[in-house]
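Chains U and F are the protein sequences, given in the same order.
Heads up, the first sequence is in numbering that gives the first Met the number 0, so the first residue is 0 and it goes up one at a time.
Heads up, the second sequence is in numbering that gives the first Met the number 0, so the first residue is 0 and it goes up one at a time.
Treat each hint with caution, since some may be false.
What the hints assert, rightly or not - Here are the simulated DSSO-like pairs of lysine-lysine, each with C-alpha atoms no more than 30 Å apart in a straight line:
#1 F:Lys10 - F:Lys361
#2 F:Lys254 - F:Lys121
#3 U:Lys38 - F:Lys373
#4 U:Lys166 - F:Lys161
#5 U:Lys97 - F:Lys49
#6 U:Lys31 - U:Lys106
#7 U:Lys320 - F:Lys58
#8 U:Lys320 - U:Lys198
#9 F:Lys42 - U:Lys64
#10 F:Lys161 - U:Lys41
#11 U:Lys150 - U:Lys178
#12 F:Lys10 - U:Lys67
#13 U:Lys227 - F:Lys42
Since the hints were derived computationally from the structure, they do not count as laboratory data.
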Amino acid sequence: MIYDQILIRYGEISTKGKNRTFFVDKLRRNLKYVLNEYKNIKIRADRDRMYIQLNGEEWENIAGKLQKVFGIQSFSPVVKVSKDIEQVKEQALIIFQKLQASGKTFKVSTKRSDKEYPYDTNELNYLLGSHLLQNIDSLTVDVHHPDLELKVEVRKDAIYLTCEVIKGAGGMPVGSSGKAMLMLSGGIDSPVAGYLSMKRGLKLEAVHFYSPPFTSERSKQKVLDLGKKLAQVSGQFIIHIVPFTEIQQLIQEHVPENYTMTITRRMMLRITEEIRHRQEALAIVTGESLGQVASQTLESMFTINEVTNTPIIRPLVTMDKNDIIDVAREIDTLEISNRPYEDCCTVFTPAQPKTKPKRENAHKYEGYMDFEALIKKAVEGVETIIVNAGDSLEQSEFSDLF
Amino acid sequence: MIYFDNSATTKPKKEVVDTFTKVATEYYGNPSSIHSIGLQAEKLLMQSRKQIATLLGVKDHEIIFTSGGTEGNNMVLKGVASQFQGRGKHIITSAIEHPSVSNACEQLKRDGFEITYLPVDKNGRIHVEDVKKAIRPDTILVSVMHINNEVGTIQPIEEIGKLLANYPRILFHVDHVQGAGKIPLAFHDIPIDFATLSSHKFHGLKGTGAIYIRDGVKLDPLLAGGNQERNIRSGTENVAGIVAMAKALRISMEKLDEKVANMQKIIAYLRNELALIDDVEIHTPIEYTAPHILNFSVLGYKAEVLVHAIANHEVYVSTTSACSSKRNEPCKTLLAMGVDEEHASSSIRISLSFDNTMQEAKEAVEAIKTSIEKLKLAMRR
């Protein structure tokens, strides 16, 4: 065990002035969720840094989880030492011995935010560097490409030593920008849209349309599995499953085939809007990318978007499919999205959907039925599932088998 | 009863059999069926794959389920041969492989493939320089076992992997059957392209196994059918056996260091005690050796007779590997190590599981001693 804590450097939070405490608090809560399986750790936060006291936990395991959490610029496993220079020297030596520094090259770089500390950065670099050189065989200095870089942070409360800096996911803590609803179909795009909007600090709740028997339980499972991946970012993820069969059947009955897609989307958006209202969210996030399919032409967006004036956030709107796929691969949702089950979007796809639907026509076709009642019914039938980062959905069901 | 033939097969753990029974009776659906009974079976399959992949340090989709070691080895050798024959028709393997590798190679020979069988040194170990020397422009595959099943020598898998990393067109297969659950290999880091595992060697059930196929590597399937297992291995999945395997591997790898250390103590005891007996020669080398196998000969005693005599004390050991012992042939690995035929025909293998105890080892030594004494008069030439 070389290190006893992990020091976390904030991302964009650092620039947020008065709201700083709010942001830091969000990040700390998210970390608590994401790391809840590590019972011994303690998280402490101040204005500039967050510290995770390891209390015996392996830092490598925790590092893997931290890398997914938004709002972290970088982090380092550190040893905390008192500001007595002799102790700093001694601890630096211990770290280097544990890292088997003999025969390697190194440099020392010091950051001194406590300007009252009696030694300045150059003095500290020199003091620690020469102490290491004197005590470790065939250790040499290389300031350009060192094998080991001893980083020293002199802060008000203590001095922190580390040899590693790991890049974080950047972005802002999930929840720091408010809450939105994500329309999650199970395809490749919507989880990516969700991920990107979480990166800008949105807390998301997903809405999924479920149409048994036209879509199978597997397609629902797919969405839950996607939710699990997204929960690794936010710690927890809520999915609202909307019973949609009845509405889809009615649309098939009453609406001319080439307009069914348009009307279906309008219905989905209305229902999502209703759930958004109940959940007190302020926006709707979709995976739409301009011109990708018939429902995502500008004309379609214009006609579909008419049913709500809630801000619709489309993080992928200008992205190419290949770039979206790259992100999906990176966040590990691609394989789940590629499972070949029918979802609410594919099952009733008309042969020739309108790519330039008109608002007037949509109004006309919707006039044939009482959608308000149906929407109410659908919203009341919503099944809400909470997915936690740590747990596997099957655990309760099958745990004794494994 | 003392069971010392764990390289042939292990006793399935009770909790593993319980899992098998429960899955087989309650979750009997076909994972490919679209209804909820099928979905449950599919979930079990997915969770098993995840658990096994995590234990082995690989990605979920790099695990393909099979019926066991023989299928796994055949699948890789013949699959690679068929997939990459355009690239070349030369395969490198060793002289001490399990028959499911060497006989598959012999079959491939009939189809025009050339096989190089690498020699081993007196410790039963391949040398990486020999691998390098054997490489030709038309080499497509190197297949080397991790732990030899007859003698227990650990092969230089890391070194071979490192060498082959310089030859991106040559694939690397490791028969990991004796090593799985005991001596983990870092498939990704080495790197290895294929590895074979068999469940009944780590207290799972017979008829289940897995192969690891590195992400992105293609393989022509052996079996044509319903395209299960990413089209690589058709056939309805043995869900109960697979879940049982996931559990067995987890149990096997719990507190692994501790268990291996204990096993090494027992093997060291056996080695020292047996070496004291007249006419006993230990073949298993001291270095680069698996913790669970000890091979020795008692010169002048037919191995088969001795095994039966020892079995009268309810101590079960084996002649050579179970797969070749019925044919009554001298131990192939020992011959390759340069051991003379007389010793090679009289070799006996002890193979432990993590459940064997020092007390059992003590009793087994006594049983072996008594058996030799008893046979001495009858068998001395």
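U:Lys150 and U:Lys178: Cα distance at most 30 Å? violated, 38 Å
Are F:Lys254 and F:Lys121 close enough, with their CA atoms no more than 30 Å apart? violated, 33 Å
Does F:Lys49 sit within 30 Å of U:Lys97, going by the straight-line distance between their CA atoms? Violated - the C-alpha atoms of F:Lys49 and U:Lys97 are around 34 Å apart, more than 30 Å.
Mind checking the alpha carbons of U:Lys320 and F:Lys58 for me, to see if they're no more than 30 Å apart? With a Cα-Cα distance of about 25 Å, the restraint between U:Lys320 and F:Lys58 holds, given a limit of 30 Å.
Agreement of F:Lys10 and F:Lys361 with the hint, judged by alpha carbon distance not exceeding 30 Å: Judged against 30 Å, a Cα distance of about 21 Å means the pair holds.
Is the Cα-Cα distance between U:Lys227 and F:Lys42 30 Å or less? holds, 15 Å
Quickly compare the C-alpha distance for U:Lys31 and U:Lys106 to 30 Å and report which way the hint goes. violated, 35 Å
Holds or violated: are the alpha carbons of U:Lys166 and F:Lys161 at most 30 Å from each other? Measuring from Cα to Cα gives roughly 29 Å; hence the hint holds.
Hinted pair, alpha-carbon criterion (30 Å max): U:Lys38, F:Lys373. Please report holds or violated. violated, 61 Å
Next pair to validate is U:Lys320 with U:Lys198; report whether the Cα-Cα distance is within 30 Å. holds, 20 Å
Straight-line alpha-carbon gap F:Lys10 to U:Lys67, limit 30 Å: Given that 30 Å is the threshold and the Cα spacing comes to 42 Å, the pair is violated.
Given hint U:Lys41 paired with F:Lys161 - CA-CA distance at most 30 Å: violated, 41 Å
Taken one by one, the earlier hints fail for this structure at numbers 2, 3, 5, 6, 10, 11 and 12, listed in ascending order.
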